[in-house]
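**Q** Read off the chains here:
2 protein chains.
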Amino acid sequence: MLKRVITNSAHTSVASDHIVRTMAQVSQKLVKVEESRRFMIDCFMAVKVPKEHAEQQADLLVAADHRGHFSHGMNRLEMYINDLDKNSTDGAIIPKILKETPATAWVDGQNGLGAVVGNYCMELAIKKAKNVGVGWVCAKRSNHYGMAGWYTNRAMEEGLIGMSMTNTSPLMAPTRSKEAALGTNPLALGAPAKNGDKFLLDMATTAVAVGKIEIQRRKNAPLPDGWAQDPSGNVTNDANLAFETGCLMPLGGSEITSGYKGFGLGGLVEVLCGVMAGANYSTHVRKWTHAGANSEANLGQVFIAVDPNQFADGFEERMTDMNGILRNCAPVSIYTYFFFKQLKFMFFCFSEQTDPQKPVLVPGDKESQNMKEVDLAGGIQYLPNQLQTCDNLSKRLNIKPLQFI
Amino acid sequence: MLKRVITNSAHTSVASDHIVRTMAQVSQKLVKVEESRRFMIDCFMAVKVPKEHAEQQADLLVAADHRGHFSHGMNRLEMYINDLDKNSTDGAIIPKILKETPATAWVDGQNGLGAVVGNYCMELAIKKAKNVGVGWVCAKRSNHYGMAGWYTNRAMEEGLIGMSMTNTSPLMAPTRSKEAALGTNPLALGAPAKNGDKFLLDMATTAVAVGKIEIQRRKNAPLPDGWAQDPSGNVTNDANLAFETGCLMPLGGSEITSGYKGFGLGGLVEVLCGVMAGANYSTHVRKWTHAGANSEANLGQVFIAVDPNQFADGFEERMTDMNGILRNCAPVSIYTYFFFKQLKFMFFCFSEQTDPQKPVLVPGDKESQNMKEVDLAGGIQYLPNQLQTCDNLSKRLNIKPLQFI
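Just so you know, the sequences run in chain order A and B.
Counting along the first sequence from 1, when you hit position 49 you're at 57 in our numbering, and nothing is skipped either side.
Counting along the second sequence from 1, when you hit position 234 you're at 242 in our numbering, and nothing is skipped either side.
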């Protein structure tokens with residue numbers, strides 16, 4: 009069953025993407041960020057998406073690749089193209105405000121592209137936040153909108169706090185159930201600190217994304233407790249069985265480790281998105297496959313902007329201080345030892361160390377680091393199967409193939 | 009170290025409270041809800057808290073006991089009394105608006121009682137939500153405010169969605185660190201459904217509260233992975249060591265099970281509370297002990313109300329539908345079997361069953377059930393050590409002792 013819904017999983021973490029890249033034979037060819045963007049714009053325009061919308065969607069996808077979130081980048085391109093090709097998404101449409109107050113807006117996404125709907129809503133939220141301190145915009149009839157953190161970035165650029173959430177197709181079982189009833193339902197919060205630093209949390213409310221189960225499966229390795237369920241609804245360590253079952257566990261895993269909190273968070277996102285927007289919610293949301301869907305997704309999403317200047321002055325200074333406190337927390341100790349024998353005695357000497365590969369990170373640090381690495385290398389290193397997909401797309405859509413450095 | 013900060017742990021779950029009650033010898037005496045409230049009001053008034061403020065604080069505490077959240081009920085009374093006695097909380101003060109827009113307010117809690125500050129802020133948020141769709145109120149200089157869900161209840165009574173968060177004293181280590189830098193930082197969201205039904209999530213962002221570690225310690229039982237760290241920052245299964253170390257793990261536990269998401273959520277709460285309000289945050293928050301503190305807590309809190317009628321009509325109908333979907337999800341299967349021998353064959357017969365003790369619950373169901381049980385029994389059953397504390401308080405403050413049914 010998971011095979012069918014695999015791409016519904018929002019948020020494969022950077023960590024798992026890194027593992028994918030390490031495990032597989034990565035291509036030595038690099039693609040410039042600009043070129044990746046150009047290729048995607050060409051693809052969208054080939055299926056009659058207006059240039060301005062194609063650019064918005066491509067900006068979102070290439071930003072994910074730049075940050076190392078490959079699952080949310082060009083990896084999604086073919087699915088979007090298929091949806092557009094089948095007219096189950098309308099690439100040309102402009103979202104419409106149905107109702108508004110100085111602080112809120114209810115938007116009909118009109119089944120447009122996720123990035124187009126999302127950008128429109130966040131811009132509106134930002135405008136309202138600048139006027140009255142908060143902008144709270146809910147969209148129905150939206151589509152898959154990529155990284156939730158993309159939209160919070162726009163708010164941060166304006167010195168605001170941004171939040172964004174979306175519902176997704178069912179893939180997570182409520183605690184005590186063997187049946188998926190909520191999606192990976194991600195949430196993001198971005199808060200600006202001084203000199204471009206930030207706190208940017210962007211997370212699915214499931215314990216892990218499907219991608220991590222796939223990786224264990226390919227490695228023929230067991231799953232840790234708390235990732236996925238078997239068909240009876242019990243925790244499984246069998247990656248193949250988990251993959252076939254298609255029932256992820258909420259953040260926290262089992263009930264004993266408070267998985268009901270992760271389930272509750274998935275519910276919180278569903279309440280503020282699907283239910284509040286009057287969109288599809290819970291099991292009413294369709295399945296979504298690589299081949300594209302035949303029905304409208306009608307996802308619900310929320311975009312919130314808050315102006316910290318309406319509260320205590322000096323928000324960014326305090327954010328910088330808090331980020332510093334967190335990054336400078338004493339790291340986990342690793343003990344190494346050696347021993348020697350002297351006369352009848354054995355001496356053990358322990359040395360306390362820390363793992364330099366595991367610094368304490370603030371949410372968003374990993375992604376910033378990945379962007380720096382890409383910039384230093386001069387381009388993005390895609391997996392060969394991604395490049396193959398691009399090659400197929402360029403032939404199918406009759407556009408200029410992806411160019412390498 | 010945990011001994012000193014034990015009471016900072018917000019949110020011992022109902023489940024753990026139930027275990028405490030089962031484990032310990034519970035008193036057979038019942039206390040009427042009204043009487044528990046009367047006793048607490050008398051206590052507060054004895055330390056010069058004006059009647060109206062005493063009532064607000066007592067309402068909050070007795071509501072927690074009514075719901076089965078004993079850790080957040082009368083259990084806290086002595087600490088509040090001690091803080092008031094030492095003047096580290098000012099029981100008479102009225103919160104003050106420092107800055108406001110139609111949708112926001114920044115409030116100075118003036119070091120008043122948590123319930124007084126919280127109620128004031130949520131009422132303000134409700135008023136704003138009724139005018140412009142959203143009310144977002146941030147308070148600095150507040151104190152421990154009890155159950156986060158208490159404030160969302162008020163919003164729900166008005167047909168609104170309520171959210172509330174507070175920072176607390178450091179007790180959770182960032183992922184990869186051995187040092188506590190964030191509190192249990194709870195968050196709550198309440199959304200009304202039809203006929204008094206609701207979705208009410210009220211959770212700490214740590215995996216478990218300190219109370220659960222105490223229980224394992226008393227049982228001399230090991231901790232599951234993912235609850236707490238040892239002094240090196242590694243997961244420990246040793247309840248005594250965990251208790252001494254005082255470093256809870258975030259929701260999700262270790263990095264492999266996505267504990268960094270729980271850490272991120274704790275950070276989200278800190279950003280929206282301590283940092284945004286200009287209150288203390290992260291390691292700047294004081295420790296808090298049973299004896300009371302000598303310094304002002306200056307906690308940061310946020311209270312949000314949103315009017316769902318500013319978006320799609322029929323919100324409560326959809327909430328009822330979603331709650332129904334979740335509650336009716338197929339429960340986890342348990343397999344029992346019997347076997348018999350016939351000629352040379354052994355026959356096994358498996359039967360698929362579910363555990364009637366483990367229905368699928370919507371956040372808030374457990375608490376509603378507990379309220380019904382208390383009402384049916386006619387009163388609250390407190391632990392003997394709680395009754396002993398009440399006895400001591402009545403002598404110390406010279407008030408009428410707690411009466412039983």
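Think of the hints as simulated: they come from the structure by calculation, not from any bench.
Hints should not be assumed to be uniformly reliable.
Note: identical chains are not told apart, hence a pair may lie in one copy or across any two.
To be verified - Dumping the calculated DSS-like pairs for lysine-lysine here, alpha-carbon to alpha-carbon at most 30 Å:
#, residue 1, residue 2
1, Lys-107, Lys-202
2, Lys-138, Lys-104
3, Lys-59, Lys-352
4, Lys-107, Lys-135
**Q** If a hint holds in the structure, say so; if it does not, say that too.
**A** Going down the list of hints, with the structure as the test:
With identical chains, the CA atoms of Lys-107 and Lys-202 are at most 30 Å apart between copies only, with a shortest distance of 23 Å across copies and 36 Å within one. Taking the shortest Cα distances, Lys-138 and Lys-104 sit within 30 Å of each other both inside one copy (21 Å) and across copies (24 Å). In this homomeric assembly, Lys-59 and Lys-352 never come within 30 Å of each other (Cα to Cα): the closest approach is 82 Å inside a single copy and 75 Å across copies. In this assembly of identical chains, the alpha carbons of Lys-107 and Lys-135 lie at most 30 Å apart whether taken from the same copy (16 Å) or from different copies (20 Å).
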